[in-house]
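Novice: Numbering (the numbering used here), first residue to last: 271 to 867.
Calculated directly from the structure, the hints in this document are not laboratory data.
Idealized CB from N, CA, C, for every residue including glycine.
Watch out, some of these pointers could steer you wrong.
Using C-beta positions, here's what the derived DEER-type ranges look like [claimed, not checked]:
(1) 290 x 409: 49 to 57 Å
(2) 560 x 300: 50 to 58 Å
(3) 590 x 763: 45 to 53 Å
(4) 724 x 679: 20 to 28 Å
(5) 668 x 817: 26 to 34 Å
(6) 837 x 817: 52 to 60 Å
(7) 318 x 859: 26 to 34 Å
(8) 799 x 519: 41 to 49 Å
(9) 800 x 669: 56 to 64 Å
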Amino acid sequence: MIHRLQFGDILQVKSGMKAGRWYCKAKIPAEYRDAYKDSQATAWLGSGSLADAKALLPTVKEKEQQKFLAKVAKHDPLLVAAERLYDALFSKNDDITGRKLPVSQWHPAPISKEELTDLKRFTRDPSTERTEFNRIVQTLRNEVFKVLHAEYDTGLATKVSNASFSATKVSNASFSATKGIMLDMDASAEAKEEALDTLDAVATNADIGLELSAPRYANWRPLGWLAQLRSQLLSEGHTEKQIQSIISMMYASGFPQSTYDAINKRDHINDAYKEFVDQHDQKLGTKIVTGKSYSDAMSEWALRQDNPELGVKRLKTRGEYINSQNIFLEVFGDLDVSEITKAHGEAFIEYLESKKRAANGTITKHLSGVRAPLARAVQLNWIADDPLFGLKVAKRGTAKKKTETWNVSDIQRLLKQKLPIDIRLLFQILICTGFRLEEGAALEWRDVKVSESGVHYFDLFDINKKLKTEHAQRHVPIHHQLYPFLTEYGAGKDKEGQLFSFKRDKDGKCVKAATKALDPYIKAARFDNGVFVKHLKTHGLRGTFTTACYSAGVNDSMRRFLGGWRQLGDDKTYLRPDLDAENEMLQKINFDHICCD
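Taking the hints into account, I'd like the entire structure generated from these sequences.
Specialist: Take a look at the structure:
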């Protein structure tokens with residue numbers, strides 16, 4: 271069993287810059303100090319009361335444990351992978367909803383966790399250590415087979431070739447007979463031993479039903495749909511607490527019937543087994559490589575981006591992805607895609623945290639970029655699965671600062687600045703329409719229209735606009751308090767082209783230039799006479815607008831049409847926007863605060 275950090279008593283710093291902070295330390299075993307690059311691990315517990323430090327201790331200790339194990343994994347990856355597999359096979363923890371996972375679903379471990387330590391004593395020479403190493407490896411493999419066999423989809427299994435030792439035709443008796451023949455052959459002891467080892471491997475693969483030439487996990491695809499849902503929610507920026515709430519609501523609705531872990535236990539075991547087999551093969555020097563490098567996968571992914579029929583990424587996103595991929599290459603070199611493991615993903619996250627000081631959202635984006643070529647490699651059958659699938663990024667990196675809603679005093683503080691006339695009008699439009707910045711900044715004069723009933727409105731249905739979603743295409747009435755500013759701004763202009771002169775990027779968007787122009791005034795608005803008030807961002811004006819709509823009695827469906835959000839509810843397919851009705855409701859809102867100088 272891998273050493274676990276044993277933390278001492280909670281202490282307090284008495285002097286220096288960190289005076290008043292609580293902490294406790296744990297010694298790093300001598301054998302792991304080179305990997306950890308320190309002789310001690312420190313758990314910092316804040317500067318509150320002792321009670322606060324004690325309450326924080328379990329969370330911080332676990333974080334330090336994971337940090338320690340991640341570094342030890344580089345030093346002894348097979349042992350770490352074996353422990354992970356052991357935990358996946360035999361743990362009986364509560365599931366994510368708090369329900370107990372029935373012990374009857376699993377069975378006692380045939381070996382103890384302490385025995386896994388013998389994997390460190392690997393040797394190629396015939397010995398007691400080698401026998402024990404093989405016994406532990408085979409025991410873990412057998413347990414994987416026992417647990418997964420009942421759920422294994424035989425329809426996905428690779429049909430074993432008709433080679434001499436076809437796993438579907440050769441019985442145990444045949445293997446025994448073949449071994450006898452091999453022992454009687456006129457060959458060297460080394461040749462016989464190698465042949466017997468090969469036969470043993472073929473026999474093991476025959477038990478599992480997969481051919482020797484392919485990794486055993488090649489056709490054990492992740493089937494836990496709830497685990498995939500959780501991964502998707504994480505990638506969308508949901509927190510662990512929010513995900514728990516969503517899943518709890520699903521259970522409360524009566525679906526699904528099984529517990530979270532019961533549904534996904536197979537995936538936990540499968541992922542852990544894949545890592546274990548990879549590390550075992552690397553230890554023995556028998557890992558099969560595809561001959562395809564990560565840069566090869568990058569090239570294949572890039573070629574796919576040149577085909578507009580495949581729903582490719584826009585140029586800005588493509589550039590961000592390529593940048594992330596190049597960072598991955600700089601950190602790890604051009605690895606064979608079959609050699610990339612979750613350990614590389616964890617190390618990449620740690621690199622982004624320590625070297626780049628990356629925020630949580632930035633880490634998530636970088637991982638998406640790095641995984642794109644791996645997804646392409648899966649499509650090309652270079653590898654069986656994306657090795658970075660399921661990496662946990664929640665709470666990694668710098669926490670994202672919450673975008674706060676603006677109130678009247680915040681808007682007044684913004685508009686009382688000495689603003690260029692175009693910047694002022696753009697802010698006024700954002701306040702009175704709830705536009706996304708990319709929508710407001712891209713407005714053209716031809717988008718300012720009048721309906722047959724006399725309603726002045728912005729038309730966001732222009733096919734040349736690259737809006738965020740299909741729901742963003744909409745008509746938005748122009749508020750009567752905004753219209754005079756728009757008229758004054760356009761006086762004397764030929765009213766051709768863009769309202770604002772922001773430079774467009776390769777994707778035809780001008781949000782980057784607009785952000786750069788507005789940013790100094792946004793940052794200044796966060797302070798009142800040098801005192802920080804709140805973390806304000808342009809996007810927060812959307813929240814202010816929808817709150818104003820709610821206060822004026824605008825119903826939810828109409829607010830969603832005005833704001834360009836997807837409609838909710840069973841009747842959403844029957845809903846249609848009504849410009850006159852929207853205008854009538856919108857004009858009830860008081861926007862006096864956009865008039866301040």
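Novice: Does the Cβ distance between residue 290 and residue 409 fall inside 49 to 57 Å?
Specialist: Between residue 290 and residue 409, where Cβ atoms are some 51 Å apart, the hint holds.
Novice: Does the Cβ pair residue 668, residue 817 satisfy 26 to 34 Å?
Specialist: Because 28 Å falls inside the window, the suggested range holds.
Novice: Please test the hint of 50 to 58 Å on the beta carbon pair from residue 560 and residue 300.
Specialist: violated (39 Å)
Novice: For residue 724 and residue 679, compare the CB-CB distance with the range 20 to 28 Å and indicate the outcome.
Specialist: At 35 Å between Cβs, range violated.
Novice: Note whether the CB distance of residue 318 and residue 859 lies within 26 to 34 Å or breaks it.
Specialist: Given range 26 to 34 Å: violated, Cβ gap about 43 Å.
Novice: Between the beta carbons of residue 799 and residue 519, is the distance compatible with 41 to 49 Å?
Specialist: Holds, since residue 799 and residue 519 (Cβ atoms, about 45 Å apart) stay within the stated range.
Novice: Could you check the hint for me, namely that residue 590 and residue 763 are 45 to 53 Å apart, CB to CB?
Specialist: Violated: the Cβ-Cβ distance is about 36 Å, outside 45 to 53 Å.
Novice: Please check whether residue 837 and residue 817 have a Cβ separation lying inside 52 to 60 Å.
Specialist: violated (19 Å)
Novice: Quick one: are residue 800 and residue 669 within 56 to 64 Å, going by C-beta?
Specialist: violated (25 Å)
The structure shown violates the earlier hints numbered 2, 3, 4, 6, 7 and 9.
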